[in-house]
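**Student:** Here are the chains, one letter per residue:
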Amino acid sequence: MAEANLISTPQATPREADAPRDSLVVRFGADQPLRLDSGVELSPFQIAYKTYGQLNADRSNAVLICHALTGDQHVASVHPVTKKNGWWETMVGPGKPIDTERYFVICSNVVSGCMGSSGPSSINPKTGKPYGLDFPVITIRDMVRAQAMLIDHLGIEMLFAVAGGSMGGMQVLQWAQSYPERVFCVLPLACATRHSAQNIAFHEVGRQAVMADPEWRGGRYLTEGTNPRRGLAVARMGAHITYMSDAALHRKFGRKFQDRNNPTFSFDADFEVESYLRYQGSSFVERFDANSYLYLTRAMDYFDLAAEHGGVLANAFRNTQTRFCVVSFTSDWLFPTSESREIVHALNATSARVSFAEIVTDKGHDAFLLDEPELFAIVRGFLDGAAKARGLGIKE
Amino acid sequence: MQARPYRELAAANGARNTTSGRVDLLVVAQMVEPGSRVLDVGCGDGELLKILTETKNVDGRGIEISREGVNFCVAKGLAVIQGDADTDLADYPDDAFDYVILSQTLQATWQPRVVLEHMLRIGERAIVSFPNFGHWKIRLMLLLFGRMPRTANLPETWYNTQNIHFCTIRDFRDLCNEVGVKIETAVALDAWGRKLRLNFPWWVWNLFGEQAVFRLSRRR
Chain U
284 MAEANLISTP QATPREADAP RDSLVVRFGA DQPLRLDSGV ELSPFQIAYK
334 TYGQLNADRS NAVLICHALT GDQHVASVHP VTKKNGWWET MVGPGKPIDT
384 ERYFVICSNV VSGCMGSSGP SSINPKTGKP YGLDFPVITI RDMVRAQAML
434 IDHLGIEMLF AVAGGSMGGM QVLQWAQSYP ERVFCVLPLA CATRHSAQNI
484 AFHEVGRQAV MADPEWRGGR YLTEGTNPRR GLAVARMGAH ITYMSDAALH
534 RKFGRKFQDR NNPTFSFDAD FEVESYLRYQ GSSFVERFDA NSYLYLTRAM
584 DYFDLAAEHG GVLANAFRNT QTRFCVVSFT SDWLFPTSES REIVHALNAT
634 SARVSFAEIV TDKGHDAFLL DEPELFAIVR GFLDGAAKAR GLGIKE
Chain Z
267 MQARPYRELA AANGARNTTS GRVDLLVVAQ MVEPGSRVLD VGCGDGELLK
317 ILTETKNVDG RGIEISREGV NFCVAKGLAV IQGDADTDLA DYPDDAFDYV
367 ILSQTLQATW QPRVVLEHML RIGERAIVSF PNFGHWKIRL MLLLFGRMPR
417 TANLPETWYN TQNIHFCTIR DFRDLCNEVG VKIETAVALD AWGRKLRLNF
467 PWWVWNLFGE QAVFRLSRRR
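Here the protein sequences come in this chain order: U and Z.
In our numbering, each residue carries its 1-based index in the first sequence increased by 283.
In our numbering, each residue carries its 1-based index in the second sequence increased by 266.
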């Protein structure tokens, strides 16, 4: 397989950015610009996406999955670059809680991503070179607007469900706010209606790590043939810590040494947790674009649903008919339960139909991606109930 | 709450059985208009919501304090949130529901009076069921043995029970008067889950009712 050799070459990322393997792509021409919150119009632009399952005759069984910061459209299929399984394969697939035998699942790469949707590593048609920092700043609402254009393109009037965790959860909430009549039910998991100061602070550390790398070259590394791998790897290492809990790190690694019994009295990766983080960092740079990382973290930072509605979150969901299933995890300190509870309180204030469960786990923020039987039961049960109410046939 | 052998009696009343055999749930369900909007506070495993959804076609929501209860309910497709009656009722707007139900939960709240007031702010009507601490067996246990009573219905010891605010039927009636709510209808159930005759005086209910169900509305 010649393709396998591409994995570790620096060119693999930009190639995937414009001409993704194994994904569908829809291109929106000059007549269909993406109107951004910043006031800029992005045009032309493209969205890469994957679908699973079959759309039914009345187009009522579509489920949109929104990926998290470093996720992509390969939610339940082998990743073309890493060759690893889909990031939510435990949740999405035949017979899984989001059952592709019943639902038509759509997952798109967000705008400003690097897996085939237009982003900073795409070629700017005006210059013939990668956009770099000339790519406009994107918000969560812009991502959702682009997804809505994709859903229009697919001829789907109303999505049965929109689901996602973390940054995906923010998109889910934005969907419920922007297009309440187009979503029957939503599952925002491990998320919040705004990014906290602490979260913005962590993101800033990550961005500074990228920008401090001399190979970043003011964001023009693709044109100049460099790659800020070290900076991006450090950003990923820092972020990865926030995705886990102290308890989970301790259980997994403790203070165990890697391949030795005594310290080397050096700055080698003596501890297992160090080599784990180094591995996380270096494998991440193989599949991700540094500028995309800047844009996506920025989009999360700007997200504040209440601010757009006079500071009153309940106004964002006024008179909503959408059913909500909010889920948080006890050991998630990035998006703690208190922030999910704020969503629930706002929804209660509008008499929305909301379910809310907090799941006890020590796996931290990443729990929504991991094997959590209670989460699976809740998602399955909630979707079953909603499917019944929507009149989708339920296979027993 | 402990399951009780109410089934035959429930069937005799023309009601469907509950899975836990809790006849008070059927009494509560009978007090709800079909098709109404219902908030069940302290909904446990969602049994009442399920009965109401299936037999009365209500638009039902629930609040439950235990995570297991919530997760069980949500997994069954019920709209239930994890929350605390004492603190979370404040978030709901006025007149959001037709009925707010508190079944066998009043005695576990920190501020029963505040909870009751919220219930009748959020809902046009409130339905409250609670164990009657004025029941003769309970009185007798205190009188004869000088110990906090434990019954099949209230099996926990005083130091590990979630129930912190017991009241009698008479006490509850007084609270309703104090808060200024109207008692539309009230039912007392004896130890066998039978309804006590409506024409019995209140003191008979207070002595022989093991649990009580009240439907309340705002005094106009």
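Just so you know, these hints were derived from the structure itself, not from any lab.
Errors might be hidden in some of the hints.
Straight-line Cα separation of at most 16 Å, EDC-like style, residue types lysine to aspartate or glutamate; simulated pairs [what the hints assert, rightly or not]:
#1 Z:Lys342 to U:Glu657
#2 U:Lys367 to U:Asp305
#3 Z:Lys316 to U:Asp667
#4 Z:Lys342 to Z:Glu383
#5 Z:Lys342 to U:Asp667
#6 Z:Lys403 to Z:Asp325
#7 U:Lys539 to U:Glu555
#8 Z:Lys448 to Z:Asp352
#9 U:Lys671 to Z:Glu320
#10 U:Lys379 to U:Glu655
#11 Z:Lys342 to Z:Glu313
#12 U:Lys409 to U:Glu384
#13 U:Lys671 to Z:Asp311
#14 U:Lys671 to U:Asp382
#15 U:Lys379 to U:Asp667
The model shown is predicted, which means the values in this text are computed figures rather than measured ones.
**Student:** Please go over all the hints and tell whether each is borne out by the structure.
**Tutor:** Each hint, compared with the structure:
1. A distance of roughly 12 Å separates the Cα atoms of Lys342 (chain Z) and Glu657 (chain U); the hinted pair therefore holds under the 16 Å criterion.
2. Annotation: proposed proximity of Lys367 (chain U) to Asp305 (chain U) holds, straight-line Cα distance about 14 Å (limit 16 Å).
3. A hinted pair counts as satisfied when its Cα atoms are at most 16 Å apart, and Lys316 (chain Z) with Asp667 (chain U) qualifies at roughly 15 Å.
4. Taking the CA atoms of Lys342 (chain Z) and Glu383 (chain Z), the gap is near 30 Å; set against the 16 Å cutoff, the hint is violated.
5. For a cut-off of 16 Å, the pair hint linking Lys342 (chain Z) to Asp667 (chain U) stands: about 8 Å separates their Cα positions.
6. A distance of roughly 39 Å separates the Cα atoms of Lys403 (chain Z) and Asp325 (chain Z); the hinted pair therefore is violated under the 16 Å criterion.
7. Taken as a hint, the Lys539 (chain U) and Glu555 (chain U) pair is honoured in the structure, with Cα atoms around 6 Å apart against an allowance of 16 Å.
8. With a C-alpha separation of about 22 Å, the suggested pair Lys448 (chain Z) and Asp352 (chain Z) falls outside the 16 Å cut-off, and the hint is violated.
9. Distance hint between Lys671 (chain U) and Glu320 (chain Z) is fulfilled; the C-alpha atoms sit about 13 Å from each other, no more than 16 Å.
10. Distance check on the hinted pair: Lys379 (chain U) and Glu655 (chain U) sit about 13 Å apart at the alpha-carbon level, within 16 Å; holds.
11. A distance of roughly 11 Å separates the Cα atoms of Lys342 (chain Z) and Glu313 (chain Z); the hinted pair therefore holds under the 16 Å criterion.
12. Taking the CA atoms of Lys409 (chain U) and Glu384 (chain U), the gap is about 43 Å. The hint is violated against a cut of 16 Å.
13. In summary, the hint linking Lys671 (chain U) to Asp311 (chain Z) is not supported, as the alpha carbons are separated by about 20 Å, beyond the 16 Å threshold.
14. A distance of roughly 14 Å separates the Cα atoms of Lys671 (chain U) and Asp382 (chain U); the hinted pair therefore holds under the 16 Å criterion.
15. For the hint linking Lys379 (chain U) to Asp667 (chain U), the alpha-carbon distance of about 12 Å falls within 16 Å, and the restraint holds.
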